[in-house]
Amino acid sequence: MKKKVHITREKKKGQGTNRVEITGIVMILLGFFVCLSLGGYGMGIVGNLLRNGFYVLFGVASFGAALVLIFTGAVYVLTGHAPNMTRRLVFSLIAVWILLAGYHHHMLPAGSNFSVASFMTYGGMFCGIPVGIIRFLAGNIGTTIILTGLFVIDILLLTHWSVSNGAKKVGEQTEKRIGHVKARIREKQEAYHSARNAAENAGEQYNLTDFIFHKPTIKNIKKDDTEDLPVNVFSPADEKGKPVCGEATDPTVFENAQILLPEDNIDMLEGHKVCEENTNDIKINSKADMPEAEKNNFYSFPPLSLLKEGESSGSLETNAYGKANRLETTLKSFGVNAKIVHVSIGPAVTRYELEPAPGVRVSKIEGLSDDIALQLAATSIRIEAPIPGKSAVGIEIPNAKTAAVSLREVLSSNAFQKGKGKILVALGKDIAGKVVITDLAKMPHLLIAGQTGSGKSVCINTIITSILYHSLPEDVKLILIDPKVVELSIYNGIPHLRTEVVTEPKKAAGVLNWAVTEMETRYRSFAEKNVRDINGFNKQNSEIKMPFIVVVIDELADLMMVAKDSVEDAICRLAQKARAAGIHLVVATQRPSVDVITGLIKANIPSRISFAVSSQVDSRTILDKAGAEKLLGKGDMLFNPSGASNPIRIQGAFISDEEVEAVVSYVKEQCIQQDVIVSDETKIDLSEWEPAVSSDSEEPKDELLAEASGWVVDTQRASVSALQRRFRIGYTRAGRLMDTMELMGIVSKADGAKPRTVLVSKGQLKELFPDQIEN
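Be aware that the sequence shown starts at 1, since it is given in full-length UniProt numbering, and climbs by one per residue.
Possibly wrong hints are sitting among the right ones.
With a straight-line Cα cutoff of 27 angstroms, these simulated DSS-like cross-link-like pairs (lysine-lysine) come out [stated by the list, open to error]:
| hint | residue 1 | residue 2 |
| --- | --- | --- |
| 1 | 564 | 577 |
| 2 | 539 | 422 |
| 3 | 420 | 529 |
| 4 | 422 | 545 |
| 5 | 434 | 390 |
| 6 | 364 | 339 |
| 7 | 418 | 545 |
| 8 | 506 | 577 |
| 9 | 668 | 418 |
| 10 | 176 | 188 |
| 11 | 602 | 625 |
| 12 | 442 | 169 |
| 13 | 169 | 418 |
| 14 | 529 | 577 |
| 15 | 545 | 442 |
| 16 | 168 | 182 |
| 17 | 182 | 420 |
Just so you know, these hints were derived from the structure itself, not from any lab.
With these hints in hand, go ahead and build the complete structure from the sequences.
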């Protein structure tokens with residue numbers, strides 16, 4: 001019995017298909033018959049009646065009706081169903097057809113508007129009578145203006161094109177082009193001035209024509225003459241704008257050379273880089289002997305030309321408004337009356353904002369997510385109900401074509417270039433296509449989680465690269481912890497590093513304990529200066545500033561497996577107290593489970609980023625709400641900053657391994673000699689810090705301890721800042737010296753803002769250091 005029912009259904013289905021095809025063939029034949037009749041071919045009495053009737057009613061526009069019949073019939077035959085056209089589209093096309101016929105009728109000379117001959121030859125009665133009336137009332141010029149205005153309005157309704165948006169896009173593209181041209185001109189000017197200076201130093205004539213038509217070179221320099229020549233370590237850029245580095249064929253050329261510092265009014269040396277060849281023969285002034293204003297000139301921000309431009313994707317979602325109509329129809333079929341009030345087209349997804357009718361429950365719309373995805377043939381959809389600050393429900397549908405967001409596009413935005421934040425970080429673009437920039441100093445800590453391949457490592461690279469493009473090494477220091485070994489090791493050697501990239505889990509626990517001790521030392525310094533945070537301290541101590549420290553942990557799960565207690569305790573202490581001390585955490589993991597992201601860690605890290613995860617449970621572990629399980633991957637993220645009620649959906653900025661390598665190479669070449677920016681005495685000795693550091697552990701001896709203790713006893717000045725100025729050392733080393741003196745009983749404990757008291761005499765100090773203290 002079941003088999004017979006199945007056969008009957010198949011027969012009915014086949015009969016329905018045949019009926020549609022027969023209808024299409026009949027429409028095609030009818031269209032050709034009408035077309036031939038209008039052309040005057042002998043089609044009999046019926047053909048003549050059709051010809052006269054169509055011409056009187058529609059004039060020459062009658063051919064359009066025949067073509068519509070042929071087109072519709074072809075769609076029926078080829079697809080098996082009627083064309084998928086909305087009422088709005090049909091009415092708009094009919095209006096265009098009528099207006100074109102009206103234009104044609106408007107070409108008639110005055111006085112012949114209402115004749116039968118004119119109707120048949122031009123626009124027909126259907127268009128001729130209205131055009132004749134308008135022409136009688138408004139004249140020829142007025143009729144032209146009215147018809148043109150109606151035609152433009154109809155085209156706008158048909159294409160959904162906005163004049164204001166078009167003008168805005170043209171303006172943005174023009175501004176972008178002008179910016180590129182200005183950047184190229186600036187690069188060429190800098191290259192020209194560098195080449196001209198080099199030629200003048202060599203005693204040659206050099207003009208603009210030589211620079212444009214010939215590659216600048218320096219000739220006829222004898223080896224004997226090089227002793228008196230100043231060496232320019234900055235070389236001109238090549239024709240492609242890439243930095244080039246001059247090669248030295250003889251090391252003696254660079255003897256007694258001086259570094260040519262850039263001028264004070266130049267902030268970014270685009271198209272140049274520092275040469276590293278033969279750096280052993282270059283005499284470099286110590287940074288401590290230089291004025292503060294000249295120290296920062298050793299570092300120039302990398303040029304944006306090192307990053308690739310994003311590919312132009314054109315129209316990201318050409319069928320957005322067609323999907324909007326289908327979405328309304330789908331909801332109406334399930335008994336939900338809602339109207340789409342706004343459409344936001346982003347790089348990866350398009351958000352449709354629905355305004356439900358009175359009496360429609362939001363929960364009912366949320367329950368239709370799978371049905372909506374089925375009707376729109378979408379891989380997955382996300383419903384935000386309601387949108388914060390709006391009386392609307394957001395339905396996010398993936399685009400048919402995803403546009404990658406390049407990091408260069410985000411870094412070149414005004415929001416990043418003119419940002420005043422201490423640690424600006426570029427994340428990407430939101431659903432509306434707007435650049436998202438955040439200040440890590442205000443977060444103050446960030447938790448990143450997501451499954452493998454979702455974009456965590458790229459996000460960490462964009463964060464570090466953003467710091468290299470915005471912050472000087474004197475202002476921000478980095479501590480990179482990479483248990484996976486291969487992700488962050490490329491950053492070894494950059495001047496922003498506080499220590500080398502840490503790859504061993506036990507050493508990672510040690511460096512976190514060092515960060516806790518550093519935090520306590522900074523708070524003691526704040527108490528001495530009667531300030532509350534790092535900003536207040538740096539305002540009072542303009543000569544010796546504390547840098548911000550960003551601790552980046554690439555894989556927390558591995559650290560928790562090796563040294564869970566010490567790692568969790570250190571992270572919790574830093575997350576609770578380190579904000580005012582200028583120490584900020586960026587913690588990433590691909591296993592967002594409760595044994596890795598514990599309750600203590602979650603409670604103290606309010607800002608979070610979630611990439612695509614496998615389950616709703618993981619999403620709730622990261623964000624405390626569902627939604628991350630419906631992300632698309634490849635940089636699609638939910639960013640929940642501190643204090644926000646709902647997360648923001650962002651398409652993360654992409655930076656390739658080649659771009660990271662190019663930026664890091666450029667930054668490394670800033671360091672002609674490593675101790676220019678990071679002296680050896682400020683590096684962290686990880687061997688001194690075990691994973692578990694007890695409070696009564698013995699402090700390591702410092703070679704300056706005896707001398708510093710003697711100076712403190714002689715001057716009766718026991719303060720960290722005094723040690724910094726006297727011995728020209730960093731605040732960290734000075735704080736450790738003071739802590740060691742406290743443990744040895746040389747000075748008293750810190751008592752808030754009061755100065756420490758010296759507890760020993762010169763003779764007692766001699767007993768502590770019998771071979772090092774002189775009488």
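Here's how the hints hold up against the structure:
Pair hint residue 564 plus residue 577 holds up; C-alpha atoms about 20 angstroms apart against a cutoff of 27 angstroms. Distance restraint check for residue 539 and residue 422: the Cα-Cα separation of roughly 14 angstroms lies within the 27 angstroms cut-off, and the hinted pair is therefore satisfied. For the hint linking residue 420 to residue 529, the alpha-carbon distance of about 25 angstroms falls within 27 angstroms, and the restraint holds. With a C-alpha separation of about 14 angstroms, the suggested pairing of residue 422 with residue 545 holds against the 27 angstroms cut-off.
For a cut-off of 27 angstroms, the pair hint linking residue 434 to residue 390 stands: about 18 angstroms separates their Cα positions. With a C-alpha separation of about 15 angstroms, the suggested pair residue 364 and residue 339 falls inside the 27 angstroms cut-off, and the hint holds. With a C-alpha separation of about 23 angstroms, the suggested pairing of residue 418 with residue 545 holds against the 27 angstroms cut-off. A threshold of 27 angstroms between alpha carbons decides the hint, and for residue 506 with residue 577 the separation of about 23 angstroms falls inside it, so the pair holds.
This hinted pair checks out: residue 668 and residue 418 have alpha carbons roughly 25 angstroms apart, not beyond 27 angstroms. The straight-line distance between the Cα atoms of residue 176 and residue 188 is roughly 19 angstroms, inside the 27 angstroms bound, and the hint therefore holds. Restraint check for residue 602 and residue 625: the C-alpha separation of about 13 angstroms stays at or below 27 angstroms, so the hint holds. At roughly 33 angstroms between alpha-carbon atoms, residue 442 and residue 169 are farther apart than 27 angstroms, so this suggested pair is violated.
Proposed proximity of residue 169 and residue 418 is supported: the alpha carbons are some 22 angstroms apart, at most 27 angstroms. A hinted pair counts as satisfied when its Cα atoms are at most 27 angstroms apart, and residue 529 with residue 577 qualifies at roughly 18 angstroms. Straight-line distance between C-alpha atoms of residue 545 and residue 442 comes to about 19 angstroms, which keeps the hinted pair within the 27 angstroms bound. Of the supplied pair hints, the one linking residue 168 and residue 182 holds, its CA atoms being roughly 21 angstroms apart against a limit of 27 angstroms.
As the CA atoms of residue 182 and residue 420 are separated by approximately 24 angstroms, the hinted pair is consistent with the 27 angstroms bound.
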